[in-house]
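Chemist: What follows is the residue order along each chain.
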Amino acid sequence: MNRTKDLCWMIGGPQGTGVDSSATLFARSCAAAGYWIYGRREYHSNIKGEHSYFQVRVKTEPVFCHVDPVQLLATFENSTAELHAFEVVEDGAFIYDPKLTDPTKLNLKPGVLLFPIPFDEILEEIAQATGKTVVSLAIIKNTIAVAASLALCKIDISAIEEALNGIFTGSKAKLIPLNMQAAQRTYEIMAKHPDLDKFNYVMEKPTNPPAKGSRYILNAAIATGLAKLKAGCRLQTYYSITPAVDECIYLEEQSEYGLPVVQCEDELAAINMAIGAATTGIRASTSTSGPGFDLMTEGMGWAGINEVPVVVYDYQRGGPSTGLPTRHEQTDMLSAVFSGHGEYPKIVMCPGDAVEQFYDSFEAFNYADRYQTTVIFLSDKLLANNTVCVPKFDESKLIVDRGELVDASHVDENNIEEALKKFPRFEITESGISPRALPGMPGHIYWMTGDEHCKYGHITEDPEIRIPMQEKRMKKLELAAREILPENQYVIHNPYNVSNPDLSFISWGSTKGVILETIRVLKEQYNITAEFFQIRMLSPFPADAVLKYLQNAKRPVAVEKSYGGQITQLIAMRTGFQIQHEVLKWSGRPISETELVAASKEIHEKQSRKVVLTYGL
Amino acid sequence: MNRTKDLCWMIGGPQGTGVDSSATLFARSCAAAGYWIYGRREYHSNIKGEHSYFQVRVKTEPVFCHVDPVQLLATFENSTAELHAFEVVEDGAFIYDPKLTDPTKLNLKPGVLLFPIPFDEILEEIAQATGKTVVSLAIIKNTIAVAASLALCKIDISAIEEALNGIFTGSKAKLIPLNMQAAQRTYEIMAKHPDLDKFNYVMEKPTNPPAKGSRYILNAAIATGLAKLKAGCRLQTYYSITPAVDECIYLEEQSEYGLPVVQCEDELAAINMAIGAATTGIRASTSTSGPGFDLMTEGMGWAGINEVPVVVYDYQRGGPSTGLPTRHEQTDMLSAVFSGHGEYPKIVMCPGDAVEQFYDSFEAFNYADRYQTTVIFLSDKLLANNTVCVPKFDESKLIVDRGELVDASHVDENNIEEALKKFPRFEITESGISPRALPGMPGHIYWMTGDEHCKYGHITEDPEIRIPMQEKRMKKLELAAREILPENQYVIHNPYNVSNPDLSFISWGSTKGVILETIRVLKEQYNITAEFFQIRMLSPFPADAVLKYLQNAKRPVAVEKSYGGQITQLIAMRTGFQIQHEVLKWSGRPISETELVAASKEIHEKQSRKVVLTYGL
Amino acid sequence: MASSQSLLKTPLKGSQLKSDIHSEWCPGCGDYGITNSIQQAIAALGLKPWETFLVSGVGCSGKVPHYVHVYGMHTLHGRALAFAQGAKIANPNLTVIAAGGDGDGYGIGAGHFVHAGRRNVDMTYVVFNNEVYGLTKGQASPTLAQGAQPKSLALPNPTTALNPIALALACGYTFIARSYAFDAKHLKETLMKAIQHKGVALVDVLQPCPTYNNLHTKDYFAEMVEVEGAKVPRVYYLEDDGYDGRVKDPNDIHEVNAKQAACFERAHRVEERVALGVFYQIEKPTFQDTLKRNIPMLNEFAPVELPYYDPKTGLATTDISKAAADYVI
Amino acid sequence: MASSQSLLKTPLKGSQLKSDIHSEWCPGCGDYGITNSIQQAIAALGLKPWETFLVSGVGCSGKVPHYVHVYGMHTLHGRALAFAQGAKIANPNLTVIAAGGDGDGYGIGAGHFVHAGRRNVDMTYVVFNNEVYGLTKGQASPTLAQGAQPKSLALPNPTTALNPIALALACGYTFIARSYAFDAKHLKETLMKAIQHKGVALVDVLQPCPTYNNLHTKDYFAEMVEVEGAKVPRVYYLEDDGYDGRVKDPNDIHEVNAKQAACFERAHRVEERVALGVFYQIEKPTFQDTLKRNIPMLNEFAPVELPYYDPKTGLATTDISKAAADYVI
Ligand SMILES: Cc1ncc(C[n+]2csc(CCOP(=O)(O)OP(=O)(O)O)c2C)c(N)n1
Ligand SMILES: Cc1ncc(C[n+]2csc(CCOP(=O)(O)OP(=O)(O)O)c2C)c(N)n1
Ligand code: SF4
Ligand code: SF4
Ligand SMILES: [Mg+2]
Ligand SMILES: [Mg+2]
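Residue numbers (our numbering), protein chains in the order written: chain A, 1 to 617; chain B, 1 to 617; chain C, 1 to 329; chain D, 1 to 329.
Quick caveat, the hints were computed from the structure, so don't treat them as lab data.
None of the values given here were measured: they were computed from a predicted structure.
Treat the hints with caution; some may be incorrect.
Just some of the chain C residues that point at chain A, by a computed CB distance under 10 Å [unchecked claim]: (1) His-22; (2) Trp-25; (3) Pro-27; (4) Gly-62; (5) Gly-78; (6) Gly-109; (7) Gly-134; (8) Leu-135; (9) Lys-137; (10) Gln-139; (11) Ala-140; (12) Leu-153; (13) Ala-154; (14) Thr-159; (15) Thr-211.
Straight line, CA to CA, 30 Å or less: simulated DSBU-like cross-link-like pairs of lysine-lysine [unchecked claim]: (16) Lys-137/D to Lys-292/C; (17) Lys-48/B to Lys-455/A; (18) Lys-137/D to Lys-322/C; (19) Lys-218/C to Lys-48/A.
C-beta: ideal position from N, C-alpha, C; glycine also.
Start from the sequences, fold in the hints, and give me the full structure.
Modeler: This is the structure we're talking about:
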């Protein structure tokens, strides 16, 4: 028996049979045992029956992407066995129900250890012990599969108990004993298994196990919800759409925070209701995905010309059109950066992981307020659905910036002449930012209109007003570029502090995790050095920094989940620099460390122009 | 008295008082006299009362843009006099109603010739002669102002009669004598005016007067309507919006052509109804402007993934948002090229004038059918509203290309098994194009879905189908780039056949006219040589040709009606080439020859990086 | 349904209209019942599958075209009616059936729903009314009652329910019916009537969603309820009640008003029971009829039939000189 | 109108609510009358102009906020209701009045119109019903009758007219009235009632468009018509007819049904005359009320009032640990 620092576990099954809960239980158990985890969730646009699966990568240190080879495949029905058996490595292990699955009929590699588990027997035992029916206990199969896995990995059963305590809270706590009973039985059965000690992927003990309660296991949808609560978002509108709806439902559930979450009749209502709300001074946001985002483009332009702060989330998924609604892609980028007819200043942010999505979300509301315009927040299905294990967020430095807001407390309402005064809401200023008053304030009456307008907000077609007004608005982007901290615009990751590395990855958004892990593997296993220029803001675009970086890079490589290599295009547009190497994938599945390592080696060795990745079910 | 080959006439007045009709009468009279004209229309987003004006440029040869200096300003009320007097050149002329306007109070240049016209007297005379009331004749003031102008230009009154015959047809013919009476009286009055012969801008006789009936006077909205009829468009959907609605109303009026024009409840209905219609095999189109275009982006993506031919017109106007709804701008370009989340192949066309808009519109339906996708047709307010005078279109070479359409006539409906056969509508092919069957055809049943799909059109999330399917669709753009005639993608205009010219303009769309005229002036008046690379297709983008051209150009100058210089950005994106000189204008008014000549000189002489134009009310 | 349309001499069996892929719905979903009835109705009417066009929106229900062996179009969320009207206007020889969820049709599609009534294009619209947004995991659809909280909702529904029958009536639908997903016979017959109706026909189908809607389940609909002391089945038929929503003389304004009022009353009746049947039906000019009046050439040719080029040479044949006449100088 | 709202001690005069820019409408346009009545109603109610928010769509009518001296928001075509609801939800202390054209509200805005009824946010919606799309030069609006052809139409209108009163009733509007642009007194009073109503109030205002609508002109509305032999003014008031659309007891299902039926009948009555007045009114929980039930903290603070940072340091003060609890390990 060898030990490992890095394990890839997989479970699968028809949707609606508890695959996600199994994965959560496994992940939280590993975390309870002091490990770090990364969870990848794959599912169909379907409610019940289609195949879904979940990979959990377990490490002794923090981990941010998935790998392809599976060391331990846990199943409780046959379809997952049939679909995924081929992915198990030679000295990996396979957990299955011998009643349903015949391992000899599978595409398993020769050396794979087999762990048949008598699921039904265990259920029947529990049924007898508790007086429940076997059918009503079917969902416990998940716990059994997880327990078998953990037993194999020599993780103490107490970790399961701790995980169950975290998952089944409140009225659900009564489910814990039942599940523990099943786990107990499974551990007993596994203990007797002759191959138990042959498994080569038992986790090393965590070196510095993090303190209990010091970490989160969550995805970016939840991180965003937390950030919106923290940032004081006071209206969340939405129209349900995968995968954005998760964040909305989460917020709806937090009803004690006083944030109204309004389910709208469509995305047109969602965006315009949010903007209408924002005109009164509250912080407002809406979250959607590609199809809904298309419908919001007109409204965002109105917010742009009226300088209303609003934060719009686009959780990208596989396109075009309805596309692959539950799969991952980064292809809304150009359409977001150029969304909406005509020209208005928009800020487009693109965090690289759930942690950044928390902090960036908090900042998004600040930027919206400060630059008085639409902030587009590009996230995606990977971020929204995949789970990371991270230290708890540091809330101590989260400062609210409401921008230039007028204080009208000096106005005497009873002096009607003063109270009726107009306010030059759209005054031309040097910075482009005009102080903002709000409906409700006496002495500051103004108008808004989607038409070009004078400083009071009345319609004008006068070129002498139009020309400076458009310029003033557009100049806010330049101001933002100057004011926003460089590290919020881009980050150069050079974990090994190498100079002139062999490869210079450049990318944006959710590829961050896999690129950073790849840099590590390239260095550790192949002695290829690499760096990563992470673009964190697409508009304003950090063109100077990008250009300078690329001009000095030995071999820039763009990485993107797309067909067209949109970041390559945007960089060329903004800098004139044409990147010569691309790693692209448009299968709807995220890029794995395995794939990116191989692609990087290929580019390093063969100078390949474009490597197309295709792995994953 | 000098003679000229080039006259700029202007008329103005509150909207709803017949300014447009005056201009049409003037333009058609000049045309009747054998001249060529170009008409520029400016108006507010308002029905009655706000100021509108119309410039008609008259030349002895074809003319394609306006100039700033006005040689002859005709007014019949005071506001136009006040607003535009300053634009009249020193030896120009000013026609006005002395009862309403005191020329000494105007900002007129010293030498301007004054032609007071007793509008009311003429009306009263006619009222007496005809027994009508003066009030009911008020509209005749337009005719009087036009007649005064033509008399001053020594254009024979018969030209007015010919023009009136062309304008007042059918039941309106009875208005002709009344108008002729007014014209007659005006000519008599003008004949007696002492300054009559001092006017320096009497037109030279046309050298080769074109044959009667050999030309059109029209704008691109009408040219498009004609092209849609010719191309066999069989459903036009629309939701009213300025300036796209003109084309729609024109088509509605042509009810004898059998083309249903359906006014929809919104642009979402307009695009999707058109697509729904197109799935049955008819040619379908919809026309809109920026705000409506935003709303159509989701639908266009569906047409993209389902490979449905549909032609969508965006008549750009001043943005963002409602913006300057009746003014000119070219700022929807990037949003159109990148419209819609995700990636799908779209063809984006951008004709340079009304003539190209006719031929390109005809081709647009061919491209849609051939490449089975969305064709976006970018026109704008300038093209839609400004009138050109051009030889009649050559219809003899207009060939319909329906692309790969299946013939199902061999299928025997009575053989039910055969008649129920499925059809691989989305078969993966080398070219990317899959033969197309149509609902109604026996033996070819298939499905469509906005989700990724298998060859029969059923939903799939299988990467092994997704990967080639997306590739197949995207490859159609490459095919289009290869197949579409280069001259339909770009044209290099080098009217003087100079090599290595001083300036190389590069632009797209409606700037064509002003650039070509500017090249002429630069050569004739300043001996500056210039060339023009006209981009006629934005997607697929003729990147190789553009790059080759720019690399060899001495001084490339991008010209655009925008703040951001979108074509500069797109060229950088597609070629890496960063153009160093830009002429931009975002006042909502078109670029004049006067302005572009001055800007060109400045760039030529001072190497200015960016020249911002601002002229025009 | 196009009167011009030719029918099959030997009608098919419903089972022949099953497509060869498996359905993706949850066990016990009402969508199975509706799909089956759609197949049965198409078969029973003798419609040619290749001249039948089933057009859906997006949702669980939106997948229905894939399971029926006729030309199928699974469009965008909320847009089925727009696509369907376009298809029918272009090719009136097709029998066009639009279908989709209640979120799809009454929620995001409400604008099109309203205007499709005004237009009265000759087609059928089948709404799968399950009171939830199934495919996005059970949020409230517009037909969910205020205060109701199916298990998938975090909080009680804050908005009042839309009344599809009353809404359709207000919007000018010329055929308005309600049926139930698991009443195969009634649903099939109602769909047949709707398809045969000349004009836009709404069939609102009550559809159990066992996964998210635990309020109105199959059991709920199967229950006996007490009405004036007697136990009666929850679901009943309007006609058994002596109700007849069909207008005999569309020109008789009194009859029209009376039938509309009756429909309105029935639509709003607050009762333990659930009424199925045709709430209202009237024969009025279809959009096709009015188009033909405005564009005489459409009397001879449908848009899809009107020739415009020489099939041999490809040369465009339309003479545009008349349309251009005003612009010639 | 917010019950919490404080009013001016000395109400303003309507003329003080005219903004200082000139109106752009055509001479004789009904929009002048409506604007004037809006100013009068706001003044008469003693609303504070700075706590009043006039929100419009796009059209000739969409320009109305610019001419009224209160906070004004001229939004997007068809979206006034979405913006207005957002503003009211965010800051319930504002009196929110949405306004716009019939194309804006019943055409492109139909989806929002339907759902605003269901939501019952406490606000007023004034629709300028001129039967045309004024600002785009006179195309048919949804309220134009089928076959009608005002001078601006190339062909007779192919679709049937929408009935705004019936539609609003079907959608759950809790106050439904019709008035007329040039009946200053009635319009002002109707607007006052609508603003005072707790819930979403529709005021459909018949509005002559002298430029494009030559069918229903000021003269048309001023005409005397013959009813049963007698000459009577075309325009009459519902209440003069003994009609009372107000529900006294919202819990009395019989009264509610009867009042709805009466409203429905009146809405569809085919007559030479034109009825003005309140067709229906009922008091029901507003969206604000149901929100408060779901989110108790809103009983203390409106969203706009809820603090979330320390004004001195800017530090965000919300304790998110409860929301994060499930994710802590
Ligand atoms: C523009 C857009 N917004 C949102 C979605 C996400 N979406 C998919 S299905 C659905 C709702 C489904 O509910 P319903 O129409 O009632 O159908 P059901 O699933 O209940 O049959 C939504 C909101 C989408 N596909 N497109
Ligand atoms: C999305 C969008 N589509 C179309 C338009 C063009 N448009 C401006 S006003 C208008 C209609 C106006 O009609 P109505 O709402 O009845 O107002 P009215 O002018 O009659 O007062 C339209 C279609 C627009 N501004 N935005
Ligand atoms: S979620 Fe509901 S509607 Fe969707 S398939 Fe399952 S049972 Fe049917
Ligand atoms: S067009 Fe009609 S609605 Fe518009 S301002 Fe003129 S009269 Fe009024
Ligand atoms: Mg539903
Ligand atoms: Mg109107």
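Chemist: All hints are to be evaluated individually against the structure, with a verdict given for each.
Modeler: Results of checking the hints against the structure:
1. His-22: holds (9 Å)
2. Trp-25: Since the shortest Cβ distance to chain A is 8 Å, the answer is holds.
3. Pro-27: holds (7 Å)
4. Gly-62: With a closest approach of 9 Å, the Gly-62/C hint holds.
5. Gly-78: OK, holds: Gly-78/C within 10 Å of chain A, min 7 Å.
6. Gly-109: Hint holds; Gly-109/C Cβ to chain A Cβ min 8 Å, cut 10 Å.
7. Gly-134: holds (7 Å)
8. Leu-135: Holds, because the Cβ-Cβ distance from Leu-135/C to chain A comes to roughly 7 Å (cut-off 10 Å).
9. Lys-137: holds (7 Å)
10. Gln-139: holds (5 Å)
11. Ala-140: Check passed: Cβ of Ala-140/C comes within 7 Å of chain A, closer than 10 Å.
12. Leu-153: It holds, given that the least Cβ distance between Leu-153/C and chain A is near 8 Å, below 10 Å.
13. Ala-154: holds (4 Å)
14. Thr-159: holds (8 Å)
15. Thr-211: Status holds, d = 6 Å.
16. Lys-137/D to Lys-292/C: This hinted pair holds, its Cα atoms lying about 25 Å apart.
17. Lys-48/B to Lys-455/A: holds (25 Å)
18. Lys-137/D to Lys-322/C: holds (25 Å)
19. Lys-218/C to Lys-48/A: Status holds; Cα separation ~18 Å.
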